[in-house]
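Listed below are the residues making up each chain.
2 protein chains.
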Amino acid sequence: MLVGGIEAGGTKFVCAVANEQLEMIEKISFPTVSPEETLKQVFAFFDQYHVAAIGIGSFGPIGVRPDQPKYGYVLSTPKKGWENFDVLGTLKSRYSIPMYWTTDVNTAAYGELKMGAAQGCSSCIYVTVGTGIGGGIIVDRQIFQGISHPEMGHFFVKRHPEDTYKGCCPYHQDCLEGLASGPSLEARTGIKGEQLTADDPIWELQAYYLAQALVAYTVIVGPEKIVLGGGVMNQDHLLQKIRRHFLKAINGYVQVPSVEEYIVRWELPNESGLIGALLLAMELTNQ
Amino acid sequence: MLVGGIEAGGTKFVCAVANEQLEMIEKISFPTVSPEETLKQVFAFFDQYHVAAIGIGSFGPIGVRPDQPKYGYVLSTPKKGWENFDVLGTLKSRYSIPMYWTTDVNTAAYGELKMGAAQGCSSCIYVTVGTGIGGGIIVDRQIFQGISHPEMGHFFVKRHPEDTYKGCCPYHQDCLEGLASGPSLEARTGIKGEQLTADDPIWELQAYYLAQALVAYTVIVGPEKIVLGGGVMNQDHLLQKIRRHFLKAINGYVQVPSVEEYIVRWELPNESGLIGALLLAMELTNQ
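Here the protein sequences line up with chains G and X, keeping their order.
The first sequence stops at residue 386 when you use my numbering, and every number in between is there.
The second sequence stops at residue 386 when you use my numbering, and every number in between is there.
A portion of the hints provided could be inaccurate.
[Stated by the list, open to error] Below, in silico cross-link-like pairs of lysine-lysine (DSSO-like), each with a Cα-Cα straight-line distance of 30 Å or less:
1) X/Lys179 x X/Lys265
2) X/Lys347 x G/Lys257
3) X/Lys257 x G/Lys347
4) X/Lys257 x G/Lys265
5) G/Lys347 x X/Lys265
6) X/Lys265 x G/Lys340
7) X/Lys257 x G/Lys340
8) X/Lys139 x G/Lys257
9) X/Lys139 x X/Lys178
10) G/Lys257 x G/Lys347
Worth flagging that the hints you see were computed from the coordinates, not collected in a lab.
Produce the complete structure using the sequences and hints provided.
Here it is, written out as structure tokens:
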């Protein structure tokens, strides 16, 4: 038996087919262009296999509640052609098999819990810091979902007193994403995030904001572990800075495990979302 | 059959006995003094009845995970004599009956969901704004708990540019509780919160901060409803101000129900915690 996984990102799509041992048989990746062109490539790939189920982790925001009219759709997005496009419906019209539909960060959170940095936990929060800031929550080893999926980068944090940058979130300007995503690094410094040196003072500011977010996740949700991933987290020094700011900010008020165990980096870099999607597909075949 | 409920507050204890229809047979209230003196009064009350179970909603922070050594204890608290006092153990040594042990805000959230402002919902967040700011989360009609209970007032919010008050939280200074609890109102104005007039500009600031907290709860958890209670919410005008600031802050990014349905006041004022405790006791008898 084979299962399929799709990480449907705003920049690129990754599709894979895996066997029951979750070994990938084939994996391809291509740029996200128009929905029609992109789905054509998805079909060309999966038409070659008989997969029993497909798990999809999509860029968002998306409709995730089956009782809502836009379930399966990409909702408001600046990505041309994708707003209100019915991804799940289009896939289902081609393949009459079970499909698991959720966000890319939810499948990543699931992948990290089952096979990555949060193995052995029953709950975790996965946060990606890259072009945007987003996250997924796992509770009782299940994807946690409220009235919609989380949008964990879009709340407000305490500004650093010396920070005068106005923020780059098109919706909220200086929410967490507006102050601490990859583009904010470049906007503040004029240098692309990946080219900034480890001793650039911007990283302390970055850690200051991200740590505040982790405090909020801790006092509101209280996961067993927080897993950080995404392009910005490729900066090796950043994790330790975030831990230090976290301890300072929470100031012993809430008991958490040791910060080295509590705040960790992803263990399936760039693959947690796809692996999570394959795992979720696999579980559909057991139902 | 009778059940007991205790709302164990930092200022006063309320104990009640109710029948199967949840009609209260007797209810008493007394100031929270030393643990020994206070529990003596609790015993004197419940010794009169044969209750089948007791639900307890306690001031916190408390040990809520049965697998932890301090399960049933009040943890760090400035309240004299209560730090590390084993409330649940003391009650259990007197009465060998099932007991439900959680925070006062969790029982309040449960009371509001089952019989108050969030009836018919399967999830809600209850937030109390008074001496402190705290909250409880209900998901799938159950109290939601992570590695500890939520401490929903102790994260950071964006300061209003004109606000120079340093904040009154002993742990975090200018976290949400430090900037928007009852004592912060008095510290800023020199006037007790309940004596401030509705046109005092402080309320806009108060609403500005509370709305930010509701944005965080919404994008992280996404409950079906947010129920606001506590002394400060007795200000009738405040709810509408909070709704207005919330809409402005979230800026349409996340779809929520109409704000009048989504952000509401408690419907069991000052009793949600006790009623929730009785309901939880009742459910223990059905198990």
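Verification of the supplied hints:
In summary, the hint linking X/Lys179 to X/Lys265 is supported, as the alpha carbons are separated by about 26 Å, within the 30 Å threshold. Distance restraint check for X/Lys347 and G/Lys257: the Cα-Cα separation of roughly 18 Å lies within the 30 Å cut-off, and the hinted pair is therefore satisfied. Among the hinted pairs, X/Lys257 with G/Lys347 is consistent with the structure: their alpha-carbon atoms are about 18 Å apart, no more than 30 Å. About 13 Å separates the Cα atoms of X/Lys257 and G/Lys265, which keeps this hinted pair within 30 Å; it holds.
Note on G/Lys347 and X/Lys265: the hinted pairing holds, with a Cα-Cα distance of about 17 Å set against a maximum of 30 Å. Simply put, X/Lys265 and G/Lys340 have alpha-carbon atoms about 25 Å apart, close enough for the 30 Å limit, and the pair holds. In summary, the hint linking X/Lys257 to G/Lys340 is supported, as the alpha carbons are separated by about 21 Å, within the 30 Å threshold. Between X/Lys139 and G/Lys257 the alpha-carbon distance is near 45 Å, which puts this suggested pair outside the 30 Å criterion.
The suggested pairing of X/Lys139 with X/Lys178 holds, with an alpha-carbon distance near 18 Å, which does not exceed 30 Å. For the hint linking G/Lys257 to G/Lys347, the alpha-carbon distance of about 14 Å falls within 30 Å, and the restraint holds.
Of the hints listed earlier, the one the structure fails to meet is number 8.
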